[in-house]
Amino acid sequence: MITLQCLLEFQNTQDKEIVLDLMRKFSSAMRYAYKRLLEGEKRRDLKKNLSKLFNINTRYSDDAIFLAQSTITSCKERGQNPKKVIFGSRKLFEQLKKNHLTGKRRKQLKAKWKESRQGNLYSRGDKSKQGNLNLRFEWINDELYLRINIGNKQYIYAKVIRGVKRKNDKWIEFMFMLENAYKYGAWFPYSVRLKVKNGNLYAFISIEEKLPPITIKKDNGIIGIDINAYPFHLALAFASKDGNLEKYQRINLNKLLEVNSEKRQYLEWQVAHEIIKIAKEENKAIAIENLKKLPKGKRGDGSPKLRGRLQKWSYKRLLNKIETLAKRNGIELVKVNPVYTSVIGKLKYSPQYNIDKDIAGAYVIARRGLGFKEKLPKNYKELLNDTDFLSYTIARL
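Residues in the sequence shown are numbered consecutively from 1, following our numbering.
Wrong hints could be hidden among the right ones.
To be verified - Between beta-carbon pairs, the in silico distance windows are:
| # | residue 1 | residue 2 | range |
| --- | --- | --- | --- |
| 1 | Gln69 | Leu7 | 46 to 52 Å |
| 2 | Pro231 | Ile18 | 38 to 44 Å |
| 3 | Gly243 | Asn198 | 51 to 57 Å |
Unchecked claim - Within a straight-line C-alpha distance of at most 30 Å, the following computed DSBU-like cross-link-like pairs (lysine-lysine) qualify:
| # | residue 1 | residue 2 |
| --- | --- | --- |
| 4 | Lys195 | Lys25 |
| 5 | Lys84 | Lys247 |
| 6 | Lys197 | Lys255 |
| 7 | Lys84 | Lys197 |
Simulated from the structure, these hints should not be mistaken for laboratory data. Ideal placement from N, C-alpha and C gives every residue a C-beta, glycine not left out.
Kindly produce the complete structure, drawing on both the sequences and the hints.
Right, dumping it as structure tokens:
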């Protein structure tokens, strides 16, 4: 899945205000759906109520519920309480609560918070509806417009402003696909999300990406990747196809904790590109921990340093970037169960290869990616059944 961005230009202020009002309704509907889903209300009943309460069509209602459910699911995957979510950014909300904040600065923050909280509109793609039912791109006099469904079979057209930024810009491919769709009926689904930023409306288009075949496979060996708290870094273990450790290295991550979210996203892509470059040079597949089994931890789990860092930064987000780039470069990526990788690495492979526990954990991930099942030495089995010893060992990781 790739996401493209473009600016929308309206013919007049009235059209823009109508769309902004629709976005406020949709945003309210999504927040309402979020609360009702947490209370256990059924999706079918909720869909009917949303359309009546907020005067939006059933398709918009269904998409509002979809976004609400996605947010709940995302919170649970990150180990966060979905009841504590603040729409519009918790950071901005906390800043606005400060009594000493007045005047122009407060006004700017409030406007920004409202844009984030109320300026949303989303429509999922549908191949049978010429790509998208509610937010559809159309060619008018050889210019591209976004047709916005405002209800009652009425539409507003916004001109798309977007230039080609580089030679391999994905926008070129998207334009080619749209032209083919209108010429030959080769429709494809694309989801569109509208957002407001500094008074301007932007469209974010998500489409399925055409990926190359996998050419770098684990038959040539694999690179296991693990995260470690102190020092904060990624450990990479290179394993041959028969599971033997060949070499290892580390990538420092401290810089990710010292920047704002926008800069952090950029640095995460840099780290992901570095890993892909290494995989291509070594001609090896990549093994990572299963994204669905990566809780941020809780007090008493014995990993306070790592837990604290993961509360500030999403390891899952970096793994998503690595997975995306691996697919784009034809590199096989294997997800493994992360349970006890550090424990097994420390107890079994650290003394065997004379390596630290961080590299040993990454090595266990690499071996699991190759399909090997770890068998602990006999003298460790009894120790692992000892609750006190196990708690002590985990606390020392």
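Now the hints, each set against the structure:
1. Gln69 with Leu7: 46 to 52 Å: At roughly 30 Å between Cβ atoms, Leu7 and Gln69 fall outside 46 to 52 Å, so the hint is violated.
2. Pro231 with Ile18: 38 to 44 Å: For Pro231 and Ile18 the Cβ distance comes to about 54 Å; the hint is violated.
3. Gly243 with Asn198: 51 to 57 Å: holds (54 Å)
4. Lys195 with Lys25: Cα-Cα ~13 Å, so holds.
5. Lys84 with Lys247: violated (44 Å)
6. Lys197 with Lys255: At roughly 27 Å apart (the allowed maximum being 30 Å), Lys255 and Lys197 satisfy the hint.
7. Lys84 with Lys197: Roughly 25 Å between the alpha carbons, so the hint for Lys84 and Lys197 holds.
Checked against the numbered hints given earlier, this structure breaks hints 1, 2, 5; the rest are met.
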